[in-house]
Amino acid sequence: MSSSAGTSFYQFQYCDLCKLSHKQRKKKHVYSKRHQLTLKNTLLKLTEKVKIAKLSLGCPDIQSFGWEAGARVWCYFCQCEVPKHQARQDCTIANASFIHHLAHVDHAKKMHAFFWENWIPAGQKVDFFISREDAVR
Numbered sequence: 001m002s003s004s005a006g007t008s009f010y011q012f013q014y015c016d017l018c019k020l021s022h023k024q025r026k027k028k029h030v031y032s033k034r035h036q037l038t039l040k041n042t043l044l045k046l047t048e049k050v051k052i053a054k055l056s057l058g059c060p061d062i063q064s065f066g067w068e069a070g071a072r073v074w075c076y077f078c079q080c081e082v083p084k085h086q087a088r089q090d091c092t093i094a095n096a097s098f099i100h101h102l103a104h105v106d107h108a109k110k111m112h113a114f115f116w117e118n119w120i121p122a123g124q125k126v127d128f129f130i131s132r133e134d135a136v137r
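In our numbering, the protein residues as written are 1 to 137.
Hints may contain errors.
[Unchecked claim] Distance condition first, Cα-Cα at most 25 Å in a straight line; then the derived BS3-like pairs of lysine-lysine:
no. : residue 1 : residue 2
1   : 125       : 110
2   : 23        : 33
3   : 109       : 27
4   : 109       : 54
5   : 40        : 51
6   : 40        : 125
7   : 49        : 23
8   : 110       : 51
9   : 110       : 54
10  : 125       : 49
11  : 125       : 51
12  : 45        : 109
13  : 125       : 45
14  : 19        : 45
15  : 19        : 54
16  : 125       : 27
17  : 33        : 125
18  : 125       : 23
19  : 40        : 19
20  : 40        : 110
21  : 19        : 110
22  : 109       : 19
23  : 27        : 40
24  : 49        : 109
25  : 51        : 109
26  : 54        : 125
27  : 28        : 40
28  : 28        : 125
29  : 110       : 33
30  : 49        : 110
31  : 110       : 45
If you are wondering where the hints come from, they were derived from the structure by calculation, not from laboratory data.
Let's have the full structure, built from the sequences with the hints guiding it.
In structure tokens, the structure reads:
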């Protein structure tokens, strides 16, 4: 009979951002150089995509049907792919699906959790969210 008294198991955690399993405490990993660099690059990429989408809020960009069909954007907060454009019967509205995703309540909740887990200042949330009123216009 084997005794489990001498056996110890390390609790590994997986960081979705770094694509790395680690046995450090969560707080310690979040402050590591590698994680901070990955986080910075990720937020910069997503910021650019959101800025482009926000520009089309005031003046929607209408393209011909089939333009960039199947284009998708990865949402790092929700860990899912989001359709970028919205296709209508005879045209494509650029960034419409992405804008609706950014205005969705689930996105806001997951964004809040992401900011909490990665110790990001709450003031930056404005850059990654669109209000429901702005999205409807």
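Hint check:
1. 125 / 110: 11 Å, holds
2. 23 / 33: Cα-Cα ~16 Å, so holds.
3. 109 / 27: Measuring from Cα to Cα gives roughly 21 Å; hence the hint holds.
4. 109 / 54: 20 Å, holds
5. 40 / 51: Judged against 25 Å, a Cα distance of about 16 Å means the pair holds.
6. 40 / 125: 14 Å, holds
7. 49 / 23: 33 Å, violated
8. 110 / 51: This hinted pair holds, its Cα atoms lying about 19 Å apart.
9. 110 / 54: 20 Å, holds
10. 125 / 49: 15 Å, holds
11. 125 / 51: 13 Å, holds
12. 45 / 109: 20 Å, holds
13. 125 / 45: At roughly 15 Å apart (the allowed maximum being 25 Å), residue 45 and residue 125 satisfy the hint.
14. 19 / 45: 17 Å, holds
15. 19 / 54: 29 Å, violated
16. 125 / 27: Holds, at roughly 20 Å.
17. 33 / 125: Answer holds: residue 33 to residue 125 is near 22 Å, not above 25 Å.
18. 125 / 23: Violated, at about 29 Å.
19. 40 / 19: Holds, at roughly 15 Å.
20. 40 / 110: 18 Å, holds
21. 19 / 110: 19 Å, holds
22. 109 / 19: Roughly 22 Å separates the two Cα atoms, so the pair holds.
23. 27 / 40: Cα-Cα ~17 Å, so holds.
24. 49 / 109: 20 Å, holds
25. 51 / 109: 20 Å, holds
26. 54 / 125: Answer holds: residue 54 to residue 125 is near 14 Å, not above 25 Å.
27. 28 / 40: 17 Å, holds
28. 28 / 125: 23 Å, holds
29. 110 / 33: 24 Å, holds
30. 49 / 110: Given that 25 Å is the threshold and the Cα spacing comes to 18 Å, the pair holds.
31. 110 / 45: 18 Å, holds
The structure shown violates the earlier hints numbered 7, 15, 18.
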